[in-house]
Structure formats: structure tokens, C-alpha cells
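Following the hints, position chain B against chain A.
Residue numbers (my numbering), protein chains in the order written: chain A, 10 to 374; chain B, 10 to 374.
Treat the hints as calculated values from the structure; they're not laboratory data. Values in this document were obtained by computation on a predicted structure and should not be read as measured data.
Since the list gives no way to pick one copy over another, a pair counts as held whenever it fits inside one copy or between any two copies.
Each computed DSS-like pair below joins lysine-lysine, with the alpha-carbon atoms no more than 27 Å apart: (1) Lys323 with Lys42; (2) Lys323 with Lys91; (3) Lys59 with Lys42; (4) Lys91 with Lys59; (5) Lys58 with Lys204; (6) Lys59 with Lys204; (7) Lys58 with Lys84.
Number of protein chains: 2
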Amino acid sequence: MDANNQIISVNVEAPYNVTVGWNLLERLELPHKRVALIYDSKLPSSLVKKVSSHFELSIPLPSGEACKSLEVHAKVLSELAKHAFPRDAAIVALGGGATSDLAGYVAASYLRGVAFYNLPTSLLGMVDASVGGKTGVNLPEGKNLVGAFHQPRAVWADLETLQSLPERVWKEGMAEMFKHGLLEREAAVPRFFEKSDLEQPDFLSTLARSIRVKAEIVARDPFEAGERAHLNLGHTLGHALEWASNHSLSHGEAIGYGLLYAAILSRLENRSTWMGKAAEFLEWMRPSPLPTRNFEDLIPLMARDKKATSDGLKFVLLDGPGNPYTARVALNRQHQAFQEFLKVVDNIEQRASASRSLLPTPEVP
Amino acid sequence: MDANNQIISVNVEAPYNVTVGWNLLERLELPHKRVALIYDSKLPSSLVKKVSSHFELSIPLPSGEACKSLEVHAKVLSELAKHAFPRDAAIVALGGGATSDLAGYVAASYLRGVAFYNLPTSLLGMVDASVGGKTGVNLPEGKNLVGAFHQPRAVWADLETLQSLPERVWKEGMAEMFKHGLLEREAAVPRFFEKSDLEQPDFLSTLARSIRVKAEIVARDPFEAGERAHLNLGHTLGHALEWASNHSLSHGEAIGYGLLYAAILSRLENRSTWMGKAAEFLEWMRPSPLPTRNFEDLIPLMARDKKATSDGLKFVLLDGPGNPYTARVALNRQHQAFQEFLKVVDNIEQRASASRSLLPTPEVP
Chain A
10 MDANNQIISV NVEAPYNVTV GWNLLERLEL PHKRVALIYD SKLPSSLVKK VSSHFELSIP
70 LPSGEACKSL EVHAKVLSEL AKHAFPRDAA IVALGGGATS DLAGYVAASY LRGVAFYNLP
130 TSLLGMVDAS VGGKTGVNLP EGKNLVGAFH QPRAVWADLE TLQSLPERVW KEGMAEMFKH
190 GLLEREAAVP RFFEKSDLEQ PDFLSTLARS IRVKAEIVAR DPFEAGERAH LNLGHTLGHA
250 LEWASNHSLS HGEAIGYGLL YAAILSRLEN RSTWMGKAAE FLEWMRPSPL PTRNFEDLIP
310 LMARDKKATS DGLKFVLLDG PGNPYTARVA LNRQHQAFQE FLKVVDNIEQ RASASRSLLP
370 TPEVP
Chain B
10 MDANNQIISV NVEAPYNVTV GWNLLERLEL PHKRVALIYD SKLPSSLVKK VSSHFELSIP
70 LPSGEACKSL EVHAKVLSEL AKHAFPRDAA IVALGGGATS DLAGYVAASY LRGVAFYNLP
130 TSLLGMVDAS VGGKTGVNLP EGKNLVGAFH QPRAVWADLE TLQSLPERVW KEGMAEMFKH
190 GLLEREAAVP RFFEKSDLEQ PDFLSTLARS IRVKAEIVAR DPFEAGERAH LNLGHTLGHA
250 LEWASNHSLS HGEAIGYGLL YAAILSRLEN RSTWMGKAAE FLEWMRPSPL PTRNFEDLIP
310 LMARDKKATS DGLKFVLLDG PGNPYTARVA LNRQHQAFQE FLKVVDNIEQ RASASRSLLP
370 TPEVP
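Here chain A stands alone, though its shape is the one from the complex:
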């Protein structure tokens, strides 16, 4: 193990460590006689082999969000039952956030709960899903509507697994790191790391710091009774867009858009001025196009947000970086913010297409 590796403690009821660094997957040893690996079937087979060789049973999942269904959940549970996995067995997830959401919910619900370990293989999975114990699946009616809180016993985030990550998926993770920086304080907002920066030491330390932001919030509010809702900054519109796009928009891209919308709402509500930073991030990210320009399409999807209560929907706003709060926002204000949001998005797209037209036409090989 590399001496530069970083360990983040997550002080929930049964505390656990997230280890971030290099060469973590070489010598996995777990204190369980029987272990099932649940992995994303699109991972490089060399990576899967390296991990699966340690364990008795390996169960492949449909890649990405497609695995987060009650049908896949039921199939994996039956697989464990067929092998008569007992209560002291363990589940290990190898994959991105969707894989660990599904595998974690399997671990939470099989025999009313067995031990869970997580090996995130995406930047988003490392910075977001690896901490907090939220597990779950989607319903036809909305995202993450079913699940459980089930903390892992340990998380190992091996940067080697990021080497095969597509550029677009890398940027998804940067969206959550950007969000964590906004929640911490102005000076903590990270520079926008490219995938080619993977081996730079300040990337490792920035990633560890970003995970720590979430770990500290989760430790103070493990069941999302209050403060933890701040982690949903950008997620109210973001989830609605992701859902409206039928997943042509990735989670991270949706959050990139959602953060810009939250910045505009914040400016209208409290005159804070972090909108420029959010627009700059979105321009850097170059997300797929918006699935709709009609706010009316998004309202019923936002109503399914898990921050919604019988009294209506709340947004997470930021009175400048480091000062998050939740608030109800008048519907006409939401509409107004969405119109401004569309203008900023259009400007970004115009600049992007202008810069593309300045580039030499790529040669077809």
C-alpha cells in the first residue's frame, strides 16, 4: 500500500474508513467465510478478475443505472438464496454509484441485512456513493424511491480503477466534487481536474478532502433528518432533468445543470454571486443537451424529490459557498429562474459551438 494513501473516517453508529489511493485491490482480505462479489458487467475483465479471485461467488449486473431496478434486486437476492448465503456472509460491490446502490440495497435487505463492502470504480462513486449508507433502486415513477440506509463496513477507492474511465464519466464525478467544494467554503471549490491529472498528488488530496466534506455531514446527520439535505444542492432540478431525459443525461451532467439552476435561484433569493462559478463549471463540463426547455414538464418530477413533504417542496440554496440552507421558493420565482437558466445554457452552447467551428475538422481514420 502506498504511503500517500489517505484514510477518511466516517463516524456513524458503526464507524468505518474510506481508504483512497493506489494498489488497494491487490490484497483484499475480509473477515467472512462466505463473500459474494456484485460487479458492473462492463468493467475491464482484468479488473474484475483481480477482485473476484478473492471470493466464492461473482454476480454481474447490467451496467450503470439499468441495474437499479426491483427486478435486478430480486434476481440477485435469489442468487444468494440459491447458494444459501448465511447471515454472517458479506456482499462486496465493484463498480460505480449505481452498482453500489443496488449491491448495498441487496446487502441491506437479504436476511434483513448482511455486511457490505464497497470498491468504487468511478469518480462519482468514490466521492458520493461511497459515503453515507444510502442504498436503493428506482421505480418506474421516479429515482431512488425505494431503498434503505445501510452503512458499509469499509470502502476502498483505488485510483487505478479510474484509468479506464471515459472522459464524460470522469466529469460526472467532478460535478459532485465541485458541489462538495461549494458546501465547504469558497476557497475549497476545487480546480476542474482533467482525467489526465489522475496521477497528480493534488488530485488525490483534493479527492480525499471532498470525501471528507460528505463524511462530516453524514456523521452529523446519518438519516437525513436535517443538515444532510444540503448534499442535495443542485439535485432537485438535477434529478428531474435526469429523469426527463430517460437517462440520456448522466447523473453528473444533470447535477451540473442543477447546480447552475440552484445558483440562479440563490441569487434571486439572497443576492449571492456564485452563479458565475456554476456557469464556468457547466461550460467546462460540456454536458449533453437539456431533455426539455419546458419547466412544466419538470414540476411533477421535482415533486417526487425526497426533500418534498406534505407541505411541499424545498430547495437547497447557497448564501455563498459554505452557507447552505433549505427553503421553499415561490412557483413564479422557480419559473423566472428557469428562464434565466435557459439563457445561460444557450450562451454556453453558442460559445461551445463557436469554439468547435474554430477547430480543424477531425480526420476520419
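The following block gives chain B in isolation, referenced to the frame of chain A:
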């Protein structure tokens, strides 16, 4: 509310009360704006109407064990999502143990957990499922293999709901009351109440006492890390028989058989002498016939018992009433006990058929 009603406190992390008595369902008021009732579709419609009139949405379930599937779970979750039930909504179960197992698991998993209230309508549901927070469904591979621990906020056990209970279902509940008495101490083993005893004051106090036995064990061991396993007295063989019968044997009948088997195993292991009482109970109960007389059929089903670990299966034994413990039992001893069990069951059946032949032939109306 009747002054004779009894309240049992269940001192888990978020303590709650079980109220047992009469006229409890007349004036239900819950501190939630939005409430969904989930009920057994075979309940008398007058009872369902009395309760459902208090709430916004009512969802009927297939009656009995048939509701405990991942398919029904998924349908009910979708129903809640379609109505955009929020996190501060509540789920109320009205039905027997199967209904509350399913409804409780819906409450545990919808939006990662919403408030749950239970109105048991069977004696078994009152004495067993109403306390402990175990929720869950079956898999094709075995019973209760999926679920969560999710404590109710309150339980109201209204004896009026037992008036329409079939004789056979009544006796199921008595099997668990018999088991709780065995766990408490010799003097606590209850007399075998008939359904016609429902309105006798000593029935109400005995029922409350039986619920208290479970409440005290659950409070000491909410997640079944140790002592709570004692509540599985009779359940290792019982569940296997229930499963082998494809539910032609009810849960309570299976437990009736399982308690006799546990009594015989106990006698072989520790010379305790409560077997006579267990045989007497089974004779009083007159359960449906055994689904198999071949112990080999039952071994793989017992291996799925949730007390099984990577090191093998444990049984709950009793060194006399009040002295339960868990222990591994050699396989040849298990076989020997099963042969003795068959002999006792055969004797009981012979006496029952002899007494039937002495009765006047019933007239066909």
C-alpha cells in the same frame, strides 16, 4: 376506550406502545397529513370501512402469505409513488402477520423509510408480528429471506377484530402464546383458550402478558444478535414443514409441530420433560397432516433457517420452561428425534380419529 385495556411498552431505540383491548379502532388519529392503509382483502368489509374512512388511500393485498412476495411489494411501492406520498407520510397495516410483514417492509423501503403503524387482526399477528420490527417477504427459495428491521410507531390490537377469525386461525395464535409461555417459565404456560373465551378477562390479561414476553426479549436484543433467537423456539423444523407443505400447513400449525420436535430434541440433549405439554398442545390444536415423513426432505429447508451461519445450523432448545438456549445438534440426533416425533404425531392422530368415530355423524344440512 375501555379501562381494562392494557398497554405494553416496547423499549427499542424509538420506544412505542402496543395497546390491547376493545374499541380501539373507533377513533384512530395519526399525526400525519397523508396516510395509506394497506389491508388484507379478505377482511370483513365493515371492518375495513371503519378504518379506511380515516385515511386518504387504501390498498388491498392478496390475503395471507400470498402477499409476501417481491412482486406485491413492488406494486404497492408504485401505488404510493403514483400518489406522490412524501417522506412524512405514514403506512398503516390492517390484517394478520403476513399483511404487517409486507406493509412494514413497504414502510421500511419506500423513500428509505416512512412511519409505520400496525392494527393486527389475528391472534398470531397480535402476539407475534406486532412486536419486534421484523418485516419482510419470501423468495421462491425460502421464507422471510428479504426484509428489514423497521419498528412501528404504535400498535393497536383490537379484540373485536378477532370475532370473525376462523377456529383454525385462532389456534395458530395460541401456538405462539404457548411458545411465549414456555420461554417465560413453567407457571406462565397458558391454558389453551378457545375462541369462545375471547371476552373473558383472563384472556385479555394472558394475551397482554404474552406480548410482554416478546417485548422484553426484543428490547434487550432488537437486531437478533443473541437472545432474540430464542423466539425461534420450534421454528427451525416449523419453517421447513411450512415450506415443504407449500402453505397447506399454516404458520401456527407448523410451529405446533416444531415445538413438539424441539421438545423431543431437548429431552434427548438435556433430559428436560416438557415434551408431554407440547404433545398435549398439538393434540388440542389438531393441525393439518404433515407434508412429509421424510426427514431428508426437510434438511435442505432447515439449512435456510436464518439462525444458520457459515458454521452450520443451530436449534433453540429448552432446559425446561424458562431456560432456553441455542445449540448445534448432531445430525444423527436430529434424525432420531424426528423418528420419535413421527411416533408421537401418529399416536395423536390415532386418538383423534378414534374420538371422531365416537362422535355422532354430522348431519348434512
